[in-house]
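*Asks:* Sequence:
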Amino acid sequence: MIHRIQRIIPIEVTDYLRNLIQTFLFPWPEALVLVRHAESLANYETDLIRDGVITGYTGKVKDKRDMDVELTERGHEQAIMTGIWLRERFPEFDKYFRSPYIRTCQTSEHLYPHAHWRNDARLREKDFGVVDQLTDEEVAARYPDLVEYKKKIKKFYLRPPGGENYPDMAFDRGHNFLGMLKRDYPRRTVVVVSHSALLMCIRFLLEKMDEETLLEKQKTEPIENASVIIYRQQVIKGKSRLIPDCPPVAPWKQYLK
Numbered sequence: 001m002i003h004r005i006q007r008i009i010p011i012e013v014t015d016y017l018r019n020l021i022q023t024f025l026f027p028w029p030e031a032l033v034l035v036r037h038a039e040s041l042a043n044y045e046t047d048l049i050r051d052g053v054i055t056g057y058t059g060k061v062k063d064k065r066d067m068d069v070e071l072t073e074r075g076h077e078q079a080i081m082t083g084i085w086l087r088e089r090f091p092e093f094d095k096y097f098r099s100p101y102i103r104t105c106q107t108s109e110h111l112y113p114h115a116h117w118r119n120d121a122r123l124r125e126k127d128f129g130v131v132d133q134l135t136d137e138e139v140a141a142r143y144p145d146l147v148e149y150k151k152k153i154k155k156f157y158l159r160p161p162g163g164e165n166y167p168d169m170a171f172d173r174g175h176n177f178l179g180m181l182k183r184d185y186p187r188r189t190v191v192v193v194s195h196s197a198l199l200m201c202i203r204f205l206l207e208k209m210d211e212e213t214l215l216e217k218q219k220t221e222p223i224e225n226a227s228v229i230i231y232r233q234q235v236i237k238g239k240s241r242l243i244p245d246c247p248p249v250a251p252w253k254q255y256l257k
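Numbering (UniProt numbering), first residue to last: 1 to 257.
What the hints contain is simulated information worked out from the structure, not anything from laboratory work. Heads up, a few of these hints could be off.
Calculated cross-link-like contacts (lysine-lysine; reagent style DSS-like; alpha-carbon spacing at most 27 Å) [stated by the list, open to error]:
id, residue 1, residue 2
1, Lys239, Lys208
2, Lys95, Lys64
3, Lys152, Lys208
4, Lys60, Lys217
5, Lys253, Lys182
6, Lys154, Lys217
7, Lys237, Lys154
8, Lys208, Lys237
9, Lys182, Lys154
10, Lys60, Lys95
11, Lys64, Lys208
12, Lys151, Lys219
13, Lys208, Lys219
14, Lys150, Lys208
15, Lys62, Lys155
16, Lys219, Lys150
17, Lys217, Lys152
18, Lys237, Lys182
19, Lys253, Lys217
20, Lys150, Lys62
21, Lys95, Lys239
22, Lys257, Lys219
23, Lys239, Lys150
24, Lys217, Lys182
Quick list of simulated restraints, FRET-style, between CB atoms [as the list claims (entries may be wrong)]:
id, residue 1, residue 2, range
25, Tyr255, Thr220, 20 to 26 Å
26, Cys246, Lys182, 21 to 27 Å
27, Gly56, Gly129, 25 to 31 Å
Glycine residues also receive a C-beta, built at the ideal position from the N, C-alpha and C atoms.
The whole structure should be built from the sequences, with the hints applied where relevant.
*Replies:* Right, here's the structure in full:
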């Protein structure tokens with residue numbers, strides 16, 4: 001049918017009509033709000049390692065599975081402050097999703113304490129494989145070949161043994177999750193609490209980034225602890241898209257140092 005129409009109508013017009021039909025039948029959620037978990041014990045100790053205060057992760061982190069690492073006291077405060085800011089703008093959502101990790105669950109309970117949160121394993125942290133909870137120095141000592149390989153292949157495509165790289169997360173988990181949102185929650189409002197790497201992959205897909213852009217955005221627009229990205233549905237050239245209001249914002253910085 002489309003091919004017959006294209007013989008009569010210019011292809012630009014048929015493309016526009018196709019987009020318009022898809023927008024009417026399969027629109028995005030009206031708003032999609034992404035939130036990174038607040039400061040965890042691992043985040044706190046990573047900063048201490050970077051500043052030379054400690055040389056490696058303590059038992060509070062290393063003796064636990066990554067999914068069991070909790071928020072710090074400061075992390076709880078960050079989540080409370082971000083929750084106040086977020087509820088002023090979105091008193092409620094149609095659907096609440098979160099990673100099943102403890103730090104994301106703790107964060108979400110501060111954001112919307114009375115909401116029914118759905119744990120979704122697609123939103124989990126990046127799997128770092130054999131280098132999980134190791135410092136750069138420990139990785140260099142144990143896996144020198146991996147360090148040399150990273151210099152060649154770069155961060156975006158590096159997949160540690162037993163782990164994931166960014167394309168794995170984006171096209172396996174991120175793409176699947178976004179497809180579900182578009183199919184099941186058209187014109188609804190949705191909030192997601194997850195981790196920086198996974199949220200970066202969602203940005204990669206929604207904002208149509210390439211490798212270079214993603215790595216640059218990580219430097220210039222980092223997704224900090226308890227920060228928020230708000231996407232709203234817009235129809236552009238007849239096609240439904242989710243467009244960010246602004247770069248990631250950390251509302252708690254208005255209240256905490």
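*Asks:* Do the alpha carbons of Lys219 and Lys150 lie within 27 Å of each other, as the hint requires?
*Replies:* holds (18 Å)
*Asks:* Between the alpha carbons of Lys257 and Lys219, is the straight-line distance 27 Å or under?
*Replies:* Distance ~21 Å between Lys257 and Lys219 Cα, so the pair holds.
*Asks:* Would you mind confirming whether the straight-line C-alpha gap from Lys217 to Lys152 stays at or under 27 Å?
*Replies:* Status holds; Cα separation ~21 Å.
*Asks:* Against the 27 Å threshold, does the CA-CA distance of Lys60 and Lys95 hold or violate the hint?
*Replies:* violated (33 Å)
*Asks:* Is it true that the CA of Lys95 sits at most 27 Å from the CA of Lys64?
*Replies:* Outside the cut-off at roughly 30 Å; violated.
*Asks:* When you take the CB atoms of Cys246 and Lys182, is the distance between them in 21 to 27 Å?
*Replies:* holds (23 Å)
*Asks:* Does Lys151 pair with Lys219 here, judged by a C-alpha cut-off of 27 Å?
*Replies:* The given pair, whose Cα atoms are some 18 Å apart, holds under the 27 Å limit.
*Asks:* Does Lys60 pair with Lys217 here, judged by a C-alpha cut-off of 27 Å?
*Replies:* Violated, at about 31 Å.
*Asks:* CA of Lys253 to CA of Lys182, is that 27 Å or under?
*Replies:* With Cα atoms ~32 Å apart, Lys253 and Lys182 exceed 27 Å; violated.
*Asks:* Is the hinted pair Lys253 and Lys217 satisfied, with a Cα-Cα distance of at most 27 Å?
*Replies:* holds (20 Å)
*Asks:* Mind checking the alpha carbons of Lys217 and Lys182 for me, to see if they're no more than 27 Å apart?
*Replies:* Roughly 25 Å between the alpha carbons, so the hint for Lys217 and Lys182 holds.
*Asks:* Holds or violated: the 20 to 26 Å window for the beta-carbon distance between Tyr255 and Thr220?
*Replies:* With a Cβ separation near 24 Å, Tyr255 and Thr220 satisfy 20 to 26 Å, so the hint holds.
The earlier numbered hints that this structure contradicts are 2, 4, 5, 7, 9, 10, 11, 23 and 27.
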